[in-house]
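Enquirer: If you want the building blocks of each chain, they are given just below.
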Amino acid sequence: MTVIEARSLRKTFGKTIALDGVNLRVDEGRILGLIGPNGAGKSTALNAILGLTEYQGELRVLGRDPWDERDQLMRDVCFIADVAVLPRWMRVSQALDYVGGVHPRFDRVKAEGFLAKTDIKRASKIRELSKGMVTQLHLALVMAIDARLLVLDEPTLGLDILYRKQFYDSLLNDYFDRSRTIVVTTHQVEDVQHVITDLMFINHGRIVLDCSMEEFESRYLEVAVHPERVAAARALKPIHERQVLGRSILLFDRVDRGQLAALGDVRTPSIADLFVALMGNKPGDHAGEAPGAAR
Amino acid sequence: MNTQSIATPGSFRDSQISESRGIAPAAVTAMQPFYWSVRRELWENRSIYIAPLAAAAVTLLGYLIATLGFALSTTNMAQRREALEGPYSFAMGVIMGTAFIVSIFYSLDALHGERRDRSILFWKSMPVSDLTTVLSKASIPLVVLPVLSFAIVVATELIMLGLSTLVLLASGLSVATLWTPVFQMWLMLLYHLVTVHVLWYAPIYGWLLLVSGWARRAAFLWAVLPWLAIGVVEKIAFNTWHFAAMLGYRFEGGPEAIPGVDSFFDPMTQLTPGRFLSSPGLWIGLVVAAAFLAAAVRLRRCQGPI
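From first to last, the protein sequence lines stand for chains A and B. For the first sequence, the numbering used here assigns the number -16 to the initial residue and increments by one for each residue that follows. For the second sequence, the numbering used here assigns the number 82 to the initial residue and increments by one for each residue that follows.
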């Protein structure tokens, strides 16, 4: 069953083209990682999916038009925008009361159960919580909602590595099952490499790469080439080459694994390396903003 | 050692859990998002009830010091009676005036604050429509504050009347003239709140809510300056003040403008709902208010954080 289906999705802000004819399809039970540099159109795409922005083209989320039916759609869709959107004046108990009051699919006992594993006090105001605790609270609220689609837009921005790991662990262990779907954007790609089932690169409002993680692992291989085999390796047309500690690391697309093994140590590249290979080197692109590279 | 006290925390916990489990799967009816949206406004803007209560406290304090103090210090019984029958319309004016100021500042921030602190993204992630949100915010100046200020005025005056009654009775004076105009006064207050503060002022609140949803910053200036500009342009172009007079008429309360707070006390003051309901200004104002609110709903649909 298709959860999100977009055909020639376009969105412009004045002369800036944020989405330039995006085609996209996400099936039930998938965890899609949407990766792209700043200003690539990720947030615009998510906003369109969530009914927060108008768009041109065709878009259905769970069979609904998100722009016209946002409030009904939000019964089945949850989203965490980034760590700073929970109202700072609210108390934790009020947040539980409010979501329980307006959301028909919210299970308060479940939320209390998630919160019991944290140090968050019911009487605290959200402004008194640390960044990590605010994210834990938001995640507890969202995981207690029996939704079909969860959208995460930079959910772990500004969190330390422990909170980030915990975030994705509880998402996988306590929330995700084959009837739910998750779409996540993040710059911390190393965090999600083993979480996502599908990978999508977006740049300049276009989808640059769209593949499942199985496909990613069988298609892309990275070889740390023995110095004397570099010329032979280059003949196989790598899509990217970089130097690490004096060794050449070459990235190949759809080259036979056996053939590569003769040249050096073969391994699956990280998403960040593939991202740099596909987008980082082209002039005019955001070369310095490869995800994961800076952090 | 008391063994019972050890068992208590566990059983208390259990009963709490089973209680919350009973509430959990409650179905959300159509009115529930509206009800919780209004409640959340009261959580966020505690000035809605704190400010009128503070005004009531200040008036009570003033009553205790000035009125009771003076009444007890004078031995002239006529003066004492006059003092004790005096301060009610003043208390009413102070509390209603405070509620009006709170209404204005609340409305100017209602759709601005949620964009400024980015919490709009959280509110929009809930199954609550923009219409419900805007209506719940409009209900604060149009329903909650009038009802609240009426209740607070009545409560404050009951305390004052009670104390005055005690002093009068202790002085051997009759309380009949003290209590006679009270119900007339409260009826007038209710009528004034509904006609002026709700129906006649509705376009003012509608405009303020619209500006708060539209302005990126300086909402107060955007709310005030356009009207000022129209007035000034009219003055320069035609050397007339019709527009300013129209605005003044709106703020004064139109056909229900009260000549002074003392008229609440005057049993000769007549309620004239017929004249009020047949005034075109009322209906034009209500249509304009509805248009402003509809525009605010549309705006909120498109707006994100600023």
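Incorrect hints may have been included.
Unchecked claim - Simulated restraints, written as ranges between beta carbons of each label pair:
1) B/R197 to A/E41: 32 to 38 angstroms
2) B/V139 to A/D152: 32 to 38 angstroms
3) A/L140 to B/R297: 41 to 47 angstroms
4) A/S76 to B/L250: 35 to 41 angstroms
5) B/N320 to A/E37: 54 to 60 angstroms
6) A/F(-4) to B/V235: 34 to 40 angstroms
7) A/E41 to B/V224: 39 to 45 angstroms
I should point out that these hints are in silico values taken from the structure, not numbers from a laboratory. Predicted, not measured: the structure shown is a model, and the values here were computed from it. Ideal placement from N, C-alpha and C gives every residue a C-beta, glycine not left out.
Enquirer: I'd like to know which numbered hints this structure contradicts. Please list them from smallest to largest.
Expert: When the structure is compared with the hints, numbers 2, 3, 4, 5 and 6 turn out to be violated.
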